[in-house]
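Chain A is already provided as a structure; the job is to place chains B and C on it using the hints.
Residues per chain are reported as follows:
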Amino acid sequence: MTVFTTPTSELEIPEPRTPWRNPAKSFRTNATTAVISAVVALLLYALTGLDGVLGWYVSFVIGLLAVVLVQSYLQKSKNVTDRVASILVSVGFASVLIPWISLIATVINRGRHAIYVGFFTHDMLVNSMDEPLNLGGISHAIVGTLIIVGLSTLVAAPLGIISAIYIVEINGKGARAVRFLTQAMSGVPSIVAGLFIYSTIVITLTHKNNAFAGALALAVLMLPTVARTSEEVLKVVPRDLRDSSYALGATQMRTTFKVVLPTVRSGLITATILGVARVAGETAPLLLTSQYFVRLTTNIFDSPMASLPTYVFGALRTGTELSMARAWGAALVLISIVVLLSVIARLLSGRPSGRK
Amino acid sequence: MKLLPVSDTEVSPRILKVSRGTADKVFRGVVLAGAMFSVAVLGLICAFLLYRGFEIFKDFGFSFFTSSRWEAAADDGSSPAHYGVAAMLVGSIVVATIAVVLAVPFAMSVALYLEYYAPQFLKRTLVSILDLVASIPSVIWGIWGYTILMPHAMGWSKTLNHWLGWIPIFKVPVPIFERSPFIAGTLLAMMILPIITSVTREVYSQAPRDQVDAAYGLGSTKWGAIKTVVLPFGKSGLVGGTMLGLGRALGETIAVYLVLNLVFKVNFHILASVGGNVASMIATKFGEAGPYELKALMAAGLVLFLLTLGVNFLASAIVNRSKKIA
Amino acid sequence: MSLSVVGHIGKGTHTIPIDVTVEAGEVLGIAGRNGVGKTTLMETIAGIVPLLSGSLSFDGVTWDDASQKVWKSPEQRRCAVVFQDLRLFPHMSVLQNVMFGLRSRGISKNEAQSTARMKLDLVSAEHLVHRKAMGLSGGEAQRVALARAIAAEPDVLLLDEPLSAIDAGSREQLRSVLADVLSAFPGVALLVSHDAKDLTSLATRTLTLG
Numbered sequence: 020m021t022v023f024t025t026p027t028s029e030l031e032i033p034e035p036r037t038p039w040r041n042p043a044k045s046f047r048t049n050a051t052t053a054v055i056s057a058v059v060a061l062l063l064y065a066l067t068g069l070d071g072v073l074g075w076y077v078s079f080v081i082g083l084l085a086v087v088l089v090q091s092y093l094q095k096s097k098n099v100t101d102r103v104a105s106i107l108v109s110v111g112f113a114s115v116l117i118p119w120i121s122l123i124a125t126v127i128n129r130g131r132h133a134i135y136v137g138f139f140t141h142d143m144l145v146n147s148m149d150e151p152l153n154l155g156g157i158s159h160a161i162v163g164t165l166i167i168v169g170l171s172t173l174v175a176a177p178l179g180i181i182s183a184i185y186i187v188e189i190n191g192k193g194a195r196a197v198r199f200l201t202q203a204m205s206g207v208p209s210i211v212a213g214l215f216i217y218s219t220i221v222i223t224l225t226h227k228n229n230a231f232a233g234a235l236a237l238a239v240l241m242l243p244t245v246a247r248t249s250e251e252v253l254k255v256v257p258r259d260l261r262d263s264s265y266a267l268g269a270t271q272m273r274t275t276f277k278v279v280l281p282t283v284r285s286g287l288i289t290a291t292i293l294g295v296a297r298v299a300g301e302t303a304p305l306l307l308t309s310q311y312f313v314r315l316t317t318n319i320f321d322s323p324m325a326s327l328p329t330y331v332f333g334a335l336r337t338g339t340e341l342s343m344a345r346a347w348g349a350a351l352v353l354i355s356i357v358v359l360l361s362v363i364a365r366l367l368s369g370r371p372s373g374r375k
Numbered sequence: 137m138k139l140l141p142v143s144d145t146e147v148s149p150r151i152l153k154v155s156r157g158t159a160d161k162v163f164r165g166v167v168l169a170g171a172m173f174s175v176a177v178l179g180l181i182c183a184f185l186l187y188r189g190f191e192i193f194k195d196f197g198f199s200f201f202t203s204s205r206w207e208a209a210a211d212d213g214s215s216p217a218h219y220g221v222a223a224m225l226v227g228s229i230v231v232a233t234i235a236v237v238l239a240v241p242f243a244m245s246v247a248l249y250l251e252y253y254a255p256q257f258l259k260r261t262l263v264s265i266l267d268l269v270a271s272i273p274s275v276i277w278g279i280w281g282y283t284i285l286m287p288h289a290m291g292w293s294k295t296l297n298h299w300l301g302w303i304p305i306f307k308v309p310v311p312i313f314e315r316s317p318f319i320a321g322t323l324l325a326m327m328i329l330p331i332i333t334s335v336t337r338e339v340y341s342q343a344p345r346d347q348v349d350a351a352y353g354l355g356s357t358k359w360g361a362i363k364t365v366v367l368p369f370g371k372s373g374l375v376g377g378t379m380l381g382l383g384r385a386l387g388e389t390i391a392v393y394l395v396l397n398l399v400f401k402v403n404f405h406i407l408a409s410v411g412g413n414v415a416s417m418i419a420t421k422f423g424e425a426g427p428y429e430l431k432a433l434m435a436a437g438l439v440l441f442l443l444t445l446g447v448n449f450l451a452s453a454i455v456n457r458s459k460k461i462a
Numbered sequence: 008m009s010l011s012v013v014g015h016i017g018k019g020t021h022t023i024p025i026d027v028t029v030e031a032g033e034v035l036g037i038a039g040r041n042g043v044g045k046t047t048l049m050e051t052i053a054g055i056v057p058l059l060s061g062s063l064s065f066d067g068v069t070w071d072d073a074s075q076k077v078w079k080s081p082e083q084r085r086c087a088v089v090f091q092d093l094r095l096f097p098h099m100s101v102l103q104n105v106m107f108g109l110r111s112r113g114i115s116k117n118e119a120q121s122t123a124r125m126k127l128d129l130v131s132a133e134h135l136v137h138r139k140a141m142g143l144s145g146g147e148a149q150r151v152a153l154a155r156a157i158a159a160e161p162d163v164l165l166l167d168e169p170l171s172a173i174d175a176g177s178r179e180q181l182r183s184v185l186a187d188v189l190s191a192f193p194g195v196a197l198l199v200s201h202d203a204k205d206l207t208s209l210a211t212r213t214l215t216l217g
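Protein chains in written order, with the numbering used here: chain A, 20 to 375; chain B, 137 to 462; chain C, 8 to 217.
Careful, some of the hints might be misleading.
What the hints assert, rightly or not - Below 30 angstroms or equal to it, Euclidean Cα-Cα: the simulated DSSO-like pairs (lysine-lysine) are:
| hint | chain 1 | residue 1 | chain 2 | residue 2 |
| --- | --- | --- | --- | --- |
| 1 | A | Lys254 | B | Lys194 |
| 2 | A | Lys277 | C | Lys116 |
| 3 | B | Lys161 | A | Lys192 |
| 4 | C | Lys204 | A | Lys254 |
| 5 | B | Lys194 | B | Lys294 |
| 6 | A | Lys192 | C | Lys116 |
| 7 | B | Lys294 | A | Lys254 |
| 8 | A | Lys254 | C | Lys18 |
| 9 | A | Lys227 | B | Lys194 |
| 10 | A | Lys192 | C | Lys79 |
| 11 | A | Lys192 | C | Lys18 |
| 12 | C | Lys116 | B | Lys161 |
To be verified - Per the computed footprint, the stretches of chain A lying under chain B, defined by three or more beta-carbons under 8 angstroms from a beta-carbon of chain B, are:
| hint | stretch |
| --- | --- |
| 13 | 101-110 |
| 14 | 121-128 |
| 15 | 152-164 |
| 16 | 204-210 |
Rather than coming from a laboratory, the hints here were simulated on the basis of the structure. Quick reminder that beta carbons are idealized off the backbone N, C-alpha and C, glycines included.
Chain A on its own, in the form it takes in the complex:
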């Protein structure tokens, strides 16, 4: 038997490819490509009208694509499309990060000027938006947001969880319809929720703009988020656990309240927090319902109430340099609250429920 061999020096041994992993060798090639592209980008930047950081970015992308095309041509590589595609995908991803970073950086950078201790303890009763930043604050807006969002959670969280219980535990004839409608409900424009509550509660019931109406408008928007997340959470409860409760003689009600719900408590809390994060920054429905009030108040029926989003909006509309600084300051507080809530929700849901 003859064995044909080829001297290894003449044969390029392909590295074993693990799917989705780049071969280690390609790092050097990639680095070379990047350096050449940067040089090309420099030329592009100098010769064309592109300017600023974005100009840099765009010329680098163009340079990168050009270099890769030339390289592939020189190496007679068959994988041109593959390389171009991976560059386009990565560039697409990187481009998306730019506005995110810009937004966060701007909010922090501009918002910090407005923040001092009094910002959290004063309201705007005796100060106007245009006064120096060491006067007045957003205590009324923070308290207002807490009250309005808290009230709306009291309404929306139980209803959302009940809807989820209906879909998963009862699983009756209407379960699919309820599921579909809650899904569709998550797309109700926020301004429509505001109009709806205005036309029902404000016009017919209370005859005034107040925090109660604002809370109901937010509840309309919060409910689908809570319902959908709770549904996902309840579905994770193993059937075995329910069966073993039934087999010990428990009714469905007992099984739900004593076995199913306690097992997924942290998941349901997560669902509620996500709902809160979803509505805490809503502006449009509050402009129509709870509106804005300069003074810290806890009266939810007889007067309008400030909230962080409407404060930001009001300060923005005043439009002077000082009021803009206030708007950024309040925006920083608002975004911190929302992000904090989302992070807490994710940390809670990251831990498997029922185990510690």
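Relative to the frame of chain A, chains B and C by itself:
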């Protein structure tokens, strides 16, 4: 003790008629009532907006949809009130379309990057960041869009107009590039990107691994495998996610209010400082509206509600179907 | 009092014919290969899986009848199951677990508590009362599951491999606990096991499935 013969006949599943205790009947009744109440809100919204806006539909009929004029009656009675949402409807659709066209390619690349290109340790972090970005309030996008994005976007508008001005939609009657549908669409694109991405990514992640491996086994490149297996598989997920994004974009209020110049005129010149959408128009006019105009706003709200509801129904149906196949 | 199952049981396409009657005071051992349907028989009696054909009745009352479309929900049958994988409620304490069946039958909290303690005492697990169900060892969990099943004094006691999850040493010990419990048990008991020794020492007679 004897054993029955093994049955040869197919045994069909039984439909159980369960008799339940009183406690459970009450429990199931209460839960059913709660769930029904939750979804009845959709019907109530429709009913109340129709009730409040009915007079407008009666007074203006179909011209409410075809007219672009939005004028309150003059105080001296010299001219009657006239309300029509044509310009705002067109504006909503134009802005939302720009947003979707800009967002989809980026959403696709983010979804593909996260699922197939990102290093494993980064993936989890990036997905959480995406969720965080999805929860940034629209008023904050608005203030950022107004102060940071707009100056840049005006520069891009000028470039577009300079090179592509011969195409009608890039024409600008008056060289003002501020607060245009293009700028609003760009901002909305950034706002709806997270939702499109997360739906698309979820469907992409369910692409059959064995087929992907098969593509590799036949010597395909990574892109080849994505093109032949992942993209066709995830098509309906992408479409569904895009529709959800479109629904969001159609209903966005505050961000559009801040970066779009409200003019009651049908306008397809996307770089011109003329536009508006139904949602931001409602927010603008609400504060100063008299009783009759308020009814018109309710009617406009109903139109917006039905439009977004239709889009969302379609989106949910498509997403559900793509999940079922997956 | 007697329990009788006549008909076909099964999940999906696999069906097994059954014809068995068990009197009160008896302990019916059930043997058979893995996957033959021993657990399915337990679940059918408990009301988790419906009969495919035939009927299931206890003490003259029909619990499940495929032809007459009668089906009593689990809480209406006075059954209690010790599952093979135990299925203690992880978020509850041992005492709460044992009280669960009693409270489900509408017994007051105080009474349920004292009964639960008594039953835990019966299986020599009274020292575990305040522990969380999560952290128990195999033998401890097994005792608690047994106490939980007998707590509400069911008419039918279903034991699915109650000694399987335990190492050999404590197995002997638990077997004698189980023997005491079963000999004092007034109702119908079914015991699934693949261990011949369990069946000969605990069951009054044995049915081999498959």
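Status of each hint after checking the structure:
no.	hint	verdict
1	A:Lys254 - B:Lys194	violated (48 angstroms)
2	A:Lys277 - C:Lys116	holds (14 angstroms)
3	B:Lys161 - A:Lys192	holds (15 angstroms)
4	C:Lys204 - A:Lys254	violated (41 angstroms)
5	B:Lys194 - B:Lys294	violated (44 angstroms)
6	A:Lys192 - C:Lys116	violated (36 angstroms)
7	B:Lys294 - A:Lys254	violated (53 angstroms)
8	A:Lys254 - C:Lys18	holds (22 angstroms)
9	A:Lys227 - B:Lys194	holds (28 angstroms)
10	A:Lys192 - C:Lys79	holds (20 angstroms)
11	A:Lys192 - C:Lys18	holds (23 angstroms)
12	C:Lys116 - B:Lys161	holds (24 angstroms)
13	101-110	holds (count 7)
14	121-128	holds (count 4)
15	152-164	violated (count 0)
16	204-210	holds (count 7)
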